[in-house]
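Heads up: the sequence lines are chains A and B, in that order.
If you're matching positions, the first sequence starts at 1 in the working numbering and goes up one per residue.
If you're matching positions, the second sequence starts at 1 in the working numbering and goes up one per residue.
If you're looking for bench data, these hints aren't it; they were derived computationally from the structure.
None of the hints are false.
Pairwise CB distance ranges (calculated): (1) A:G52 x B:F8: 32 to 40 angstroms; (2) B:F8 x A:R22: 24 to 32 angstroms; (3) A:E82 x B:G247: 30 to 38 angstroms; (4) A:P72 x B:G24: 39 to 47 angstroms; (5) A:P63 x B:H175: 38 to 46 angstroms; (6) A:L80 x B:T289: 53 to 61 angstroms; (7) B:I56 x A:P63: 35 to 43 angstroms.
Don't be surprised by glycine CBs; every beta carbon is placed ideally from N, CA and C.
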Amino acid sequence: MTTDDRPRPEGWTPPGVGQRYRLLESSSSIAIVGASSNPARASNFVATYLVGSTEFEIHPVNPREDEILGRPAVGALSDLAEPPDIVDVFRRPEDCPGVAEEAVAVGAKVLWLQLGIWSEDAARIALDGGLDVVMDRCLKIEHARFHGGLHLAGFDTGVISSRRARG
Amino acid sequence: MNDREWGFRTRALHAGGQPDSATGARAVPIYQSTSFVFDDTADAADLFALQKYGTIYSRISNPTVSAFEERMASLEGGIGAVATASGQAAEFCSLTAIAGSGHHLVATAGLYGGTHTLLDHTMSWLGIDTTFVSEVTADGIAAAIRPETRAVYTEIIANPSGAIADLAMLSDVAHAHDLPLVVDNTFATPWLCRPLDHGADIVVHSATKFLGGHGTSIGGVVVESGRFDWGNGRFPHLTEASPTYNGLRWVDNFGEYAFCTTLRSEQLRDVGACLSPFNAFLLLQGIETLPFRMDAHVANAEAVAAWLSEHPDVGWVEYAGLPDSPHRPLAERYLPRGAGAIFTFGVRGGREAGARFIEGLQLISHLANVGDARTLVIHPASTTHQQLSDEALAASGVGADTVRLSIGLEDIDDLQWDLDQALRGARA
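Based on the provided sequences and hints, a complete structural model is requested.
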């Protein structure tokens with residue numbers, strides 16, 4: 001199956017580069033569902049970047065961990081004191097609808113399924129709850145796209161601008 | 001930030017070249033520095049573990065080189081690019097990122113001599129064998145593919161034969177066997193053909209040629225589409241834990257970005273064939289005018305080829321841009337803006353007449369390069385292939401009378417004058 005013919009909720013199209021930029025710019029906190037303290041895991045890799053290279057407030061969510069990268073880990077999204085702007089999900093697709101329901105319940109603004117993760121059901125739940133939805137995208141890569149990291153690694157950011165870059 | 005799809009000419013000038021935050025310099029600055037300071041030890045550790053993007057050492061990445069890489073990725077329609085010291089290095093790094101000892105490659109025959117020796121000599125010595133296929137049909141390519149084959153390789157316009165690769169056919173055969181198609185796009189440049197749009201997975205360039213365009217700088221680049229499934233089971237070094245990066249799994253961690261990330265983090269790190277920042281700067285200057293130069297190169301080449309084919313001292317002209325070329329149908333399909341500016345022709349009188357012709361030229365430069373703004377010429381039988389007998393020359397696909405021209409941007413009348421006086425002087 002190519003990436004283009006995966007089932008998607010009616011009326012939803014994958015957010016383009018400009019929309020992804022606006023979602024990141026208007027967010028300040030990210031809950032990472034499925035965060036891990038194991039450095040070999042993609043979720044640890046992304047969390048290390050978000051903690052070390054961005055201004056986002058990072059909240060690891062994992063009932064089997066107490067602390068990840070110096071941040072206290074909570075068992076569920078509902079354990080967070082404030083609703084996160086983005087719920088960034090590192091879970092199997094079949095677990096994503098449940099995460100989407102929690103994200104809607106706590107009042108998050110964006111449901112973001114990581115690279116390789118696609119769930120039409122989770123997307124539908126989040127959209128019905130008024131959230132923006134991103135699927136099969138890496139938050140680290142998208143942040144790096146707009147802040148110079150992806151450019152330094154030789155990737156096409158799609159950014160064409162004669163305004164001075166942001167640091 | 002908006003979702004506008006910018007045009008090719010705009011991207012040739014701007015992609016990868018946003019003014020930097022520190023100085024706002026409008027031209028891409030030359031960062032002629034081997035290394036870059038860390039914020040602290042944690043920053044250094046994160047950079048080395050690839051948990052953070054940034055610059056460490058210019059063998060792996062450099063801001064001037066990054067601008068060149070992003071521009072090439074954008075123009076070729078790839079996900080990303082990795083620049084290399086030369087076109088040869090682009091081929092070696094990309095192919096050794098795909099295949100290792102015991103593996104096998106399938107290549108179309110009639111490749112550039114340097115590529116042929118790389119595959120047939122050095123890579124063979126390293127345990128990677130290549131089958132060169134002369135019958136370039138779907139059946140011919142498929143018949144050469146073995147269980148240990150890892151890639152199919154071709155040139156968009158073969159050097160020097162001028163044959164045009166049927167990219168859709170080659171990519172269909174490669175993909176049916178879960179293999180990537182690697183295309184050398186040096187002779188076409190992305191202005192004339194974007195192989196990734198026709199099913200190729202990786203494009204390699206000698207940027208030394210039309211991209212730089214002025215004969216000043218050796219360089220190369222690899223562009224990858226981001227669409228090939230490197231997790232299909234044939235490339236375990238990309239899916240299994242990498243011992244030099246704390247057990248990192250490239251495909252798991254980087255998804256569609258995995259191949260380019262590996263190429264930079266392993267091949268460039270270890271092979272060390274990096275592009276210098278100064279060369280990257282000069283190549284960027286060339287790329288800014290690429291569409292305009294290529295149109296002018298093609299217009300001159302078409303005019304010279306048509307004029308030569310009527311000349312009494314010329315036996316034949318092989319240029320896919322001529323109406324009677326056997327390569328014309330594929331050129332019309334894959335190179336609608338023109339079949340490039342490099343072609344061959346035969347001087348009546350054979351090897352000796354060819355040598356006299358070369359020595360009689362005044363304006364056209366006799367040297368071993370192509371893709372300069374100036375018109376270049378070489379007579380393989382008296383130079384690169386001089387040790388071969390006429391029979392051995394014929395077997396390598398080069399005639400004793402074959403002359404290769406790389407048409408530049410001079411006035412067409414002046415090119416015709418120089419060719420005409422040298423052809424007349426070469427008569428026995």
